[in-house]
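Enquirer: Sequence:
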Amino acid sequence: MDDEKRVKESDTLEGGFLHLGFDHYTIRVEVIDNNTLPNHCIIRSTIKYELENDSKAHLLSQLSIQPLITIAHVVGDYIVNNHNK
Numbered sequence: 001m002d003d004e005k006r007v008k009e010s011d012t013l014e015g016g017f018l019h020l021g022f023d024h025y026t027i028r029v030e031v032i033d034n035n036t037l038p039n040h041c042i043i044r045s046t047i048k049y050e051l052e053n054d055s056k057a058h059l060l061s062q063l064s065i066q067p068l069i070t071i072a073h074v075v076g077d078y079i080v081n082n083h084n085k
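Residues in the sequence shown are numbered consecutively from 1, following our numbering.
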């Protein structure tokens with residue numbers, strides 16, 4: 001977690017996508033100030049993964065951005081509710 005740059009990067013160490021067969025799985029969430037709209041921010045989310053073997057390509061259908069959408073909503077709610085405190 002980098003509080004100054006507002007970046008959170010999380011590597012999966014066991015279970016989850018690694019258990020499914022991915023060799024590496026990382027999510028990154030970055031909160032960016034939106035200077036053009038007051039009281040707004042941009043949330044940039046990234047999924048990075050590795051599959052060492054082409055025979056695992058069927059695993060790509062398991063990837064979803066839904067967890068990142070949920071994180072964006074939680075972060076947005078937190079910022080709105082705690083902005084002026």
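Certain hints may be false.
Just the calculated beta-carbon pair ranges, DEER-fashion [what the hints assert, rightly or not]: (1) LEU37 with GLU14: 37 to 43 Å; (2) ASP54 with GLY76: 34 to 40 Å; (3) ASN82 with LEU18: 31 to 37 Å; (4) CYS41 with SER61: 27 to 33 Å; (5) LEU18 with GLY76: 27 to 33 Å; (6) ASN34 with LEU63: 26 to 32 Å; (7) HIS19 with ASN39: 39 to 45 Å; (8) ALA57 with ASN34: 35 to 41 Å; (9) ASN35 with SER55: 42 to 48 Å.
These aren't lab readings, by the way, just hints derived from the structure by calculation.
Yeah, the Cβ is synthetic: ideal placement off N, Cα and C, and Gly gets one too.
Enquirer: List, from low to high, the hint numbers that the structure doesn't satisfy.
Expert: Every hint satisfied by this model.
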